[in-house]
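> Assemble chain B onto chain A, guided by the hints.
Number of protein chains: 2
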Amino acid sequence: MKKAVCIISGGMDSALSSYIAKYKDGYEIIAVHFNYGQKTEDKELECYKYISKSLNAIKMIDLNLHFISDIGGSALTDKDIEIPKDGLKPGIPITYVPFRNGIFLSIAAAIAEKEQADAIYIGVVQEDSSGYPDCSENFITSLQKAIDDGTKPETKIKLKTPLVHLKKEEIVKEAKQMKVPLKNTWSCYERGDKACGVCDSCRLRLKGFKLANLKDEIEYNQA
Amino acid sequence: MKKAVCIISGGMDSALSSYIAKYKDGYEIIAVHFNYGQKTEDKELECYKYISKSLNAIKMIDLNLHFISDIGGSALTDKDIEIPKDGLKPGIPITYVPFRNGIFLSIAAAIAEKEQADAIYIGVVQEDSSGYPDCSENFITSLQKAIDDGTKPETKIKLKTPLVHLKKEEIVKEAKQMKVPLKNTWSCYERGDKACGVCDSCRLRLKGFKLANLKDEIEYNQA
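Sequences listed follow chains A and B, in order.
Residues in the first sequence are numbered consecutively from 860, following this note's numbering.
Residues in the second sequence are numbered consecutively from 860, following this note's numbering.
The shape of chain A in the complex, shown without the other chains (with noise of 0.2 Å):
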């Protein structure tokens, strides 16, 4: 049986990713998940937990990626940078955290080569998005040419990101026909008790649905 290597943050894209890995494309699923000191660590976790469970997943490893808190320098990790409610802007946001998709991405292929997986799964957004470099179809490509180079040659590790050209109407669409447990993930930026709803995660996901026709089951409060 074929083995891929998920990453699984606990946000809606993300689980579409998974399923789409498992339900469309017949892989059975490690889901990996990362604690990097996000202000929603513990919302995070719980959601990949549940997620991950409901994909039958054979192995379930979550790591402690505490030093990118530590390195710092985003809204999304230090306690002192507020994080942004006033809506989407042209540039890359202070929620970027420095190079974060190249260490998740990095990890992963260490597993996947540990685990002699075929495919990583990501669901890296390109267009409908904040914005994030490491977001990008361009950087993936590239990232794939360095696994190939830099690890076994007969490791062979297909990257794949299906979400990337997607808009976040489709992904809700998808997410809805695949049954993928939408109120159970967790997208707002702000630990909160229930989602913030202006934060630009949450603005993004709120179009989504907004555009889709179709109504978000997680409690917000303020949308």
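Derived from the structure by calculation, the hints contain no laboratory data.
Please read all numbers here as calculations on a predicted model, not as lab measurements.
One thing to keep in mind: the hints can contain errors.
What the simulated footprint calls covered on chain A by chain B, stretch by stretch (three residues with Cβ under 8 Å from a Cβ of chain B suffice, anywhere in the stretch; the number is not a length) [claimed, not checked]:
(1) 926 to 933
(2) 954 to 960
(3) 967 to 976
(4) 985 to 995
(5) 1005 to 1016
The C-beta atom is built at its ideal place from N, Cα and C for all residues, glycine as well.
What follows is chain B alone, placed relative to chain A:
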């Protein structure tokens, strides 16, 4: 003043690489070290600190990457896998840590982006080495592109590998000439009071000193 992130393991190669960054290429040094659950973690950390201080590093960052030993698959991190002692053989040895330099360099890139450094120095050696795939020039070239594509447009980080095509005897000679504190470096894969003298890393180091016609001042159990 231009700044370079130097990955300093505590061994001979990364020590020379960081001396070149400082004294030949004129960078201020951000000294970075990774504790990844390797058997020689405490010894390497001690040597890293000594080398960094000798370089007057403007910043010293050592990070906990114990998730690497959690992933496993290498004799360097797994207590149940013996370090081979019977000489270098063709192929990739069991001391290979899956995609280690991919992980190390991705983290170094995040630090460099955050600290606005201009370069990253890593002491990889291609030919006269254990043959790890993540020490090849090919890999460094493709990872350079991934870092360019996956960081902010204004971020310009140059990967520097001054030792990649050197032989071990050239490294020893150059290090002696530059007054690298070789007595305070640790290359052995085993955690003994003295270096074992017979693991691949000790053999490569001793061969280098022998061919350079110089004496290694560290102590060995057998050589």
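> All the hints need checking, so say for each whether the structure fits it.
Going down the list of hints, with the structure as the test:
no., hint, in the structure
1, 926 to 933, "holds (count 6)"
2, 954 to 960, "holds (count 6)"
3, 967 to 976, "holds (count 5)"
4, 985 to 995, "holds (count 3)"
5, 1005 to 1016, "holds (count 8)"
Hint violations for this structure: none, all hints satisfied.
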